[in-house]
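Participant: Take the two lone chains, each set in its own frame, and fit them into one complex as the hints suggest.
If you want the building blocks of each chain, they are given just below.
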Amino acid sequence: MKHWYKILSVIIILYTLTWGLLNPVPRLDILNETIRNVYYHVPIWFAMLFMMGVSVVYSILALQKNTAVNDTKAYNAAIVGFFFSLPGLTTGSVWAKYTWGTWWTFQDPKLNGVAVSILIYLAYFILRSSMEDESKRARISAVYNIFAFVMMNVFIMVLPRLTDSLHPGNGGNPAFGKYDLDSNMRLVFYPAVIGWILFSCWLLEIKNRTSFIKIKLNEKI
Amino acid sequence: MKKYSLLLLSLFFSVVTKAQVGIVAAEPEMADQFRANGKIYIVITVIAMIFLAIVVFLALIERKIKHLENQVNEDQSINSKTNS
Chain S
913 MKHWYKILSV IIILYTLTWG LLNPVPRLDI LNETIRNVYY HVPIWFAMLF MMGVSVVYSI
973 LALQKNTAVN DTKAYNAAIV GFFFSLPGLT TGSVWAKYTW GTWWTFQDPK LNGVAVSILI
1033 YLAYFILRSS MEDESKRARI SAVYNIFAFV MMNVFIMVLP RLTDSLHPGN GGNPAFGKYD
1093 LDSNMRLVFY PAVIGWILFS CWLLEIKNRT SFIKIKLNEK I
Chain P
18 MKKYSLLLLS LFFSVVTKAQ VGIVAAEPEM ADQFRANGKI YIVITVIAMI FLAIVVFLAL
78 IERKIKHLEN QVNEDQSINS KTNS
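Protein chains in written order, with the working numbering: chain S, 913 to 1133; chain P, 18 to 101.
Chain P extracted, bound-state conformation (with noise of 0.2 Å):
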């Protein structure tokens, strides 16, 4: 009997479990299977590095304003010294 009872037991699991399962499905659909595998993570760095790629470029091009502006303010300087 208490082999019959395990049996059934076993049995009533394994319906439970895939009712489970069912319900999952059931849900809106989601990256899950995506995130599971874990190489999420790899286009989150690749999305990273190209941001930080691009900002590099802006502070690369703020540092070329600088030069710049330090030229034209010396040329202003020049020429107002030598209009006085």
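Extracted from the complex, chain S is given alone in its bound form (with noise of 0.2 Å):
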């Protein structure tokens, strides 16, 4: 049965999407009812982090073996981590405008480094479209690839958790602990994270399918 990840994801997340509503969560002050963006905004980040890091794996692979397969699946897997990074940066500015009450703020060490992040990969998009030759696409493309990855980590989970940030879990202040999340929220947000890590699974498989189609008719001429 290989759709079952697919089936498990789409019932974890109908999961967090009703239980995420309904169950209790901690009366805070400013942030009230919107806590519950964690359940949501939060997993779409680490989705887009986890596919970041598929989109490495492969290119390693692409690199010690050069299959134009590997390069393929590298390149769908940072576009699917792409997209997921544009619900993600939106959610957080709504968020934003309503808790910290601005759309953006350069004060923020997390917000700037994920506008950084995006940058990079979008810089990774435009090197690969410019080139003509295939294996040395693949290759320029995986170095540049591992590059953008360890950027990224740095930008976002690094960098802000060296200075003041108005993100949990930055600037020294742990992140999931006790106030952050109780064991109520636990209950949604890791099924969260797990269900949307899988669904974007699933987007990839498409992305790589949809790709190897465009392969063969090429082949074919």
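A portion of the hints provided could be inaccurate.
Stated by the list, open to error - Pairwise CB distance ranges (calculated):
no.: 1; chain 1: S; residue 1: 1037; chain 2: P; residue 2: 91; range: 14 to 22 Å
no.: 2; chain 1: S; residue 1: 940; chain 2: P; residue 2: 91; range: 57 to 65 Å
no.: 3; chain 1: S; residue 1: 941; chain 2: P; residue 2: 63; range: 24 to 32 Å
no.: 4; chain 1: P; residue 1: 62; chain 2: S; residue 2: 1076; range: 36 to 44 Å
no.: 5; chain 1: S; residue 1: 941; chain 2: P; residue 2: 58; range: 21 to 29 Å
It is worth saying that the hints were derived from the structure and are not from the lab.
The structure displayed is predicted, hence computed values, not measured ones.
C-beta atoms are modelled at their ideal positions from N, C-alpha and C, and glycine is treated no differently.
Facilitator: Have a look at this one:
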């Protein structure tokens, strides 16, 4: 049964969509009910990070064996990750407007880091599309992708922890500590992360299969 | 005397309940009212239906991809046979 993870992801996401709105959450000032955004906004970013990780693995495989299949998979995973970052960014912006009072703040290192990371990946897509020769494109973009993934982790995961940030889990305060997530919220948050990661795998599979059809059609011509 | 004490007691309880109402209002505001009249379930149903619609759409796309894959593979096998 090769569809098991798709069915599982749909069941898990449905659970988080329903129970995520109904379960009791801590009563906090300013956040109020928006604390439930943790179930939807954060897992989207986790799925994005996961897809970028998958992309890097295929890039390393592409460098090792230099096959078109691995190169295509690496590119597709980066595309899926990129499209997960867009709702992540917009939902974060809406949440920020009603809790921090602004759509975007350059005071927050995480927001800046995300903006830079997205530009890095845009550069990756442009770099790939600028090269005609396939094996050359596979190698150069794989090397750049590894660099991009490391830079993204520095910008999103490392730098915001070193300075003050509005995001929880940054600027010295631990993420998912007892003040951010109580045990009720964990029951929805962790499944949501798994569900959206599985869902991103489904999207990647669809993307891969369409590109392989395209490659085969090109081979015939 | 008993009458008066009962009256006093009832007055006292009304004050206590008032005070509790005051405490509730001082807590951070949540969507208690929204949940109390029960219609949150309708919103959840709508969200779930939208998500399921997207999932069905994805599954249909996948089925189409499957057809295309079969077609491409068939064409290839025919081509390889004619070439050899």
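Participant: Which numbered hints turn out to be false for this structure?
Facilitator: 1
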